[in-house]
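Using the sequences plus the hints, can you model the full thing?
Just so we're on the same page, the working numbering is the position in the sequence shown counted from 1, plus 8.
Hints in this document: simulated from the structure, not taken from any laboratory.
Any given hint could turn out to be false.
[Said to hold, decoys possible] Computed beta-carbon distance windows for the label pairs:
#1 T28 / E51: 22 to 32 angstroms
#2 P23 / G45: 18 to 28 angstroms
#3 C11 / Y58: 20 to 30 angstroms
#4 N61 / C11: 30 to 40 angstroms
All residues carry an ideal CB built from backbone N, CA and C; glycine is no exception.
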Amino acid sequence: MLCTFEPLLLELKHPFRLATGMRTHTNAMLTTLHWQGVVGIGEAAMPPYYGENHETAGVFLQK
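Here it is as structure tokens:
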């Protein structure tokens, strides 16, 4: 199985507001799996309040 991943910075169409502040973009990770001719693609958003970022997600996916 081959797993590749690409960090993305997604710009939001409209600002996202919470009581704690406002965001105009969000971090995400695009993941692609290849296995026996089948390809699967997944995406995970990483809002700041989850405590995850491109670096921590990359370390996890490399394991």
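Outcome of the hint check:
no., hint, result
1, T28 / E51: 22 to 32 angstroms, "holds, 24 angstroms"
2, P23 / G45: 18 to 28 angstroms, "violated, 42 angstroms"
3, C11 / Y58: 20 to 30 angstroms, "holds, 21 angstroms"
4, N61 / C11: 30 to 40 angstroms, "violated, 19 angstroms"
The structure shown violates the earlier hints numbered 2 and 4.
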